[in-house]
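> Here is what each chain is made of, one letter per residue.
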Amino acid sequence: MPVTPRIAADEARDILPASTPQERLRNFCIIAHIDHGKSTLADRMLQITGIVEDRAMRAQYLDRMDIERERGITVKSQAVRMPWQVDGVNYALNMIDTPGHVDFTYEVSRSLAACEGAILLVDAAQGIEAQTLANLYLAMENDLTIIPVLNKIDLPGAEPDKYAAEIGQLVGVDPDDVLRVSGKTGLGVEDLLDHVVRTLPAPEGDPDAPCRAMIFDSVYDTYRGVVTYIRVVDGHLKARERIDMMSTGAHHELLEIGVSSPEPRATQGIGPGEVGYLITGVKDVRQSKVGDTITTSVRGAEDPLEGYSDPKPMVYSGLFPIDGSDYPVLRDALDKLKLNDAALLYEPETSTALGFGFRVGFLGLLHLEIVRERLEREFDLDLISTAPSVVYQVLMEDGTEVEVLNPSDFPVGKVHEISEPITKATILVPSEFIGAVMELCQSKRGSLGGMDYLSEDRVELRYTLPLAEIVFDFFDQLKSRTKGYASLDYDVSGSQVADLVKVDMLLQGEPVDAFSAIVHRDKAYNYGVEMAGKLKKLIPRQQFEVPIQAAIGSRIIARENIRAMRKDVLSKCYGGDISRKRKLLEKQKEGKKRMKNIGSVEVPQEAFIAALSSDEGDMPKDAKKK
Amino acid sequence: MNDLSVYIHVPFCAVRCGYCDFNTYTATELGGGGSQAEYPANAMREMDLTLAEDRAAGYEYEQVATVFFGGGTPTLLPADDLVSMLDHLRRLIPLADGAEITTEANPDSVTRASLSRLAAGGITRVSFGMQSAVPSVLRTLDRTHDPEKVPQAVAWAREAGLDVSLDLIYGTPGETLADVETSVKAALACGVDHMSAYSLIIEGNTAMARQLRRGELEQPDPDDMADKYELVDDLARADGLSWYEVSNWARTPAQRSRHNLAYWKGTDWWGIGPGAHRHRDGLRSWNVKHPSRYARMLAAGEMPLADSEQVAGEDRVVERIMLELRIADGLAVDVVPEHRRPMLAVHRDRGHLEPEALQAGRAVLTRQGRLLADAVIRDLVP
Chain A
1 MPVTPRIAAD
11 EARDILPAST
21 PQERLRNFCI
31 IAHIDHGKST
41 LADRMLQITG
51 IVEDRAMRAQ
61 YLDRMDIERE
71 RGITVKSQAV
81 RMPWQVDGVN
91 YALNMIDTPG
101 HVDFTYEVSR
111 SLAACEGAIL
121 LVDAAQGIEA
131 QTLANLYLAM
141 ENDLTIIPVL
151 NKIDLPGAEP
161 DKYAAEIGQL
171 VGVDPDDVLR
181 VSGKTGLGVE
191 DLLDHVVRTL
201 PAPEGDPDAP
211 CRAMIFDSVY
221 DTYRGVVTYI
231 RVVDGHLKAR
241 ERIDMMSTGA
251 HHELLEIGVS
261 SPEPRATQGI
271 GPGEVGYLIT
281 GVKDVRQSKV
291 GDTITTSVRG
301 AEDPLEGYSD
311 PKPMVYSGLF
321 PIDGSDYPVL
331 RDALDKLKLN
341 DAALLYEPET
351 STALGFGFRV
361 GFLGLLHLEI
371 VRERLEREFD
381 LDLISTAPSV
391 VYQVLMEDGT
401 EVEVLNPSDF
411 PVGKVHEISE
421 PITKATILVP
431 SEFIGAVMEL
441 CQSKRGSLGG
451 MDYLSEDRVE
461 LRYTLPLAEI
471 VFDFFDQLKS
481 RTKGYASLDY
491 DVSGSQVADL
501 VKVDMLLQGE
511 PVDAFSAIVH
521 RDKAYNYGVE
531 MAGKLKKLIP
541 RQQFEVPIQA
551 AIGSRIIARE
561 NIRAMRKDVL
571 SKCYGGDISR
581 KRKLLEKQKE
591 GKKRMKNIGS
601 VEVPQEAFIA
611 ALSSDEGDMP
621 KDAKKK
Chain B
1001 MNDLSVYIHV
1011 PFCAVRCGYC
1021 DFNTYTATEL
1031 GGGGSQAEYP
1041 ANAMREMDLT
1051 LAEDRAAGYE
1061 YEQVATVFFG
1071 GGTPTLLPAD
1081 DLVSMLDHLR
1091 RLIPLADGAE
1101 ITTEANPDSV
1111 TRASLSRLAA
1121 GGITRVSFGM
1131 QSAVPSVLRT
1141 LDRTHDPEKV
1151 PQAVAWAREA
1161 GLDVSLDLIY
1171 GTPGETLADV
1181 ETSVKAALAC
1191 GVDHMSAYSL
1201 IIEGNTAMAR
1211 QLRRGELEQP
1221 DPDDMADKYE
1231 LVDDLARADG
1241 LSWYEVSNWA
1251 RTPAQRSRHN
1261 LAYWKGTDWW
1271 GIGPGAHRHR
1281 DGLRSWNVKH
1291 PSRYARMLAA
1301 GEMPLADSEQ
1311 VAGEDRVVER
1321 IMLELRIADG
1331 LAVDVVPEHR
1341 RPMLAVHRDR
1351 GHLEPEALQA
1361 GRAVLTRQGR
1371 LLADAVIRDL
1381 VP
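Each protein sequence line maps, in turn, to chains A and B.
Positions 1 to 626 (the numbering used here) are the ones given, in order, by the first sequence.
Positions 1001 to 1382 (the numbering used here) are the ones given, in order, by the second sequence.
Hints were generated in silico from the structure; no laboratory data involved.
Hints should not be assumed to be uniformly reliable.
Claimed, not checked - So these bits of chain B aren't anywhere near chain A, every CB distance computed over 10 angstroms: (1) I1093; (2) A1119; (3) M1303.
Said to hold, decoys possible - Taking lysine-lysine pairs in the PhoX-like style, the calculated list, with each CA pair at most 20 angstroms apart, reads: (4) K1289(B) x K581(A); (5) K424(A) x K312(A); (6) K338(A) x K289(A); (7) K523(A) x K534(A); (8) K536(A) x K592(A); (9) K581(A) x K1265(B); (10) K536(A) x K596(A); (11) K1265(B) x K583(A); (12) K534(A) x K596(A).
Glycine is no exception: its CB is placed at the ideal position from the N, C-alpha and C atoms.
Input sequences plus hints: build the corresponding full structure.
Listed below in structure tokens is the structure:
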């Protein structure tokens, strides 16, 4: 679509970085569910404002990593500065791209905090999804001005009137005031940009106060080190200044400061209300943390901006290379990913079943999935991950408290009580599935917090659910019980004491660490029976009978037997072909080498893999596929 | 020097059985001098070349201790052919006193006259491929003989002064335990002093494997195989036979097949005929498989070898453990590498090795251990 930008490049002198008055700035983000068209809309904005030429345009311009583009996920946010003219006045618009996913709530909240307004973008054929709703609530709590927009109105299946009513009600506007666009054709996008200028408030920082800038993203770049994205709230940041990270007090030299438009361009500085990037030469995103406040070393601010917190892993899983000799590769790969992922925590773990690997902490299941996929794809690793586990606080009778990240590290001794993290979960579902969802949540120890009709046939259900239940197989179940129509969002919101027990799986009396699980007492028996049955099917017969037991402490709750193998001999002599016999033996021995020994039981690694992978929880991204 | 064993492979059959993956051909006419009629001359030429090669390599054998005509179906050739091959051999290297000279035979490929001709020509022992006494089982195996002919053939052989062994196959798809009992009892009722019983192994490249894949036959069950093996062993023992190799039973030590034992004990043997394997002091070599190619190479004065390997070092230890553990005399424990020796006690405690024998320094399989011989071997090899 050929477009003539409203502002020619040489006419934009009154909106140059570091010297644009705050009233000519508009900072906004787009809140949308994946594949509701956020990236396509962003592409159109880049084109219409003229900062990307038509011929340089490529789909989903801002999504940098292949994996993001393929999965339609924006993992890392970025900011783009775009010129726009309304009523003959030039404005600089900063579009801050937010991560659209359940695990990145904290990053989303920091992106939102960098904006005055948000475009709520909803697919006109699908309506709002649970995660979008959650982010909308987050934006409203941050007092952002919301611009509701229906996208994909050119699609044959679009029902703009229906969904305009739905989101109008959510945002509190008349359905007629819901804008309608097509990111694909560009229809309505100019109007939308005008609307951004007219309805969003300008930033209101104090230009004369000591500088305070909030980090809303931090990205590792192989060539430049860490690129930190900031929103200046008060004062100015100038090139070549020394800056302080207020959470740690660390000093850094500013090597470069600039804006992205959309390619990075160095500037003399960044002024109040503006958005840009800076480079200090640090090599690890942990030294430039999202949410932290930057100030100048000289005449710096006394108090940081509000809202900073350290990322905290909520879900842990063991990652093991299928080929044990890949362990160093996995270690190096994690070290590299860590540079770009402040939330990624890991430490070495040794499992009798799976060998050497790492216990890795993640923000949630999607984070786990993304990290795992990157490890496999970018570092060519074959990995096995153990069932995701949450963090339990175990209070012992003697008053000591133990944090358990790994069921196999569960303390021995008398346990007084165990606390588990709980979540506030929001489920959006067509009303015909209310019963099915309630039944599921009930069985997952959920308690209903409330229920609202978003429209005649769509319902928002609010539950308190243990995080452990969500990471187990909740998504799969939700998906299958609602034919894929339900969407889910959850946020960890504290903890509760629960009647939890650790179930061990024993092979011939030896615990198999990879299969220990902490489950609710009512479900321990089911877990034990199911796991024992599965292992019986997967573990080949041995020279002796092998009991498989599920145990809580010393109490056996389920048992299966693998009968002893009775025949393992080739009686044929192959007419003196001893070489063939020896080769057969060598082949068998190779097979034996690939076995893991649990006590004297030889288990093929494939059996562990099969037992661990069959009920792996699926990702929320799939929960909405129709 | 030591004694020699000689295996002579006769690669011809009247029909190919569905389970068979041996090197055998049903056509009587094969080009390039590979036909049945030309076979004895080829085999004799190969004996000449082998002798010359042994000598060149510094190996000379005093006498031939055992000869075994296997196949294929050796008795598909006229008895005189077998005899003339044997005569040729003994002209090259003398036969030992009391040498064991065996031929395999199909019960329906012999007559009273042919058996007596074989005996007269120096054959001392015949091993009949009885396989089963149950017609439905024989049909599944594609065996053409009438089971009732077996006692007759055994009687003729004994009349001719030949020692007799009967070969059985157990574990044919569809075979019941009762069928196995019928077969073993029928074999023992013939009054034999030696019996072999092999579990059916369905190799991937056979007609039977294709039937299995198509679901026309039921997959053999290892527990069922174990039950059948134990039944064979029970019946043999009740009749006064005892095992001397996993799949072989004899009434007295003297009636054990010395040729068979030569393979497991790792002595030297010649392998004459297409696809045959030979062993000389760690050098294992084998012939090309096709009779025509075999014949052409011999005609050109070449040894008809396909390939060879020199087994040395650790591999020789592997072979010794793999072979000697299968016989009733067992394996001297000092053959087992030191770091593997603790496994001997483990297998004794699991009931796989005889405690007294182990005490005396030999690893001897129990019956349970014989069924798990490969698993035990895997635990003992370097």
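> So which of those numbered hints doesn't the model satisfy?
Result: no hint breaks.
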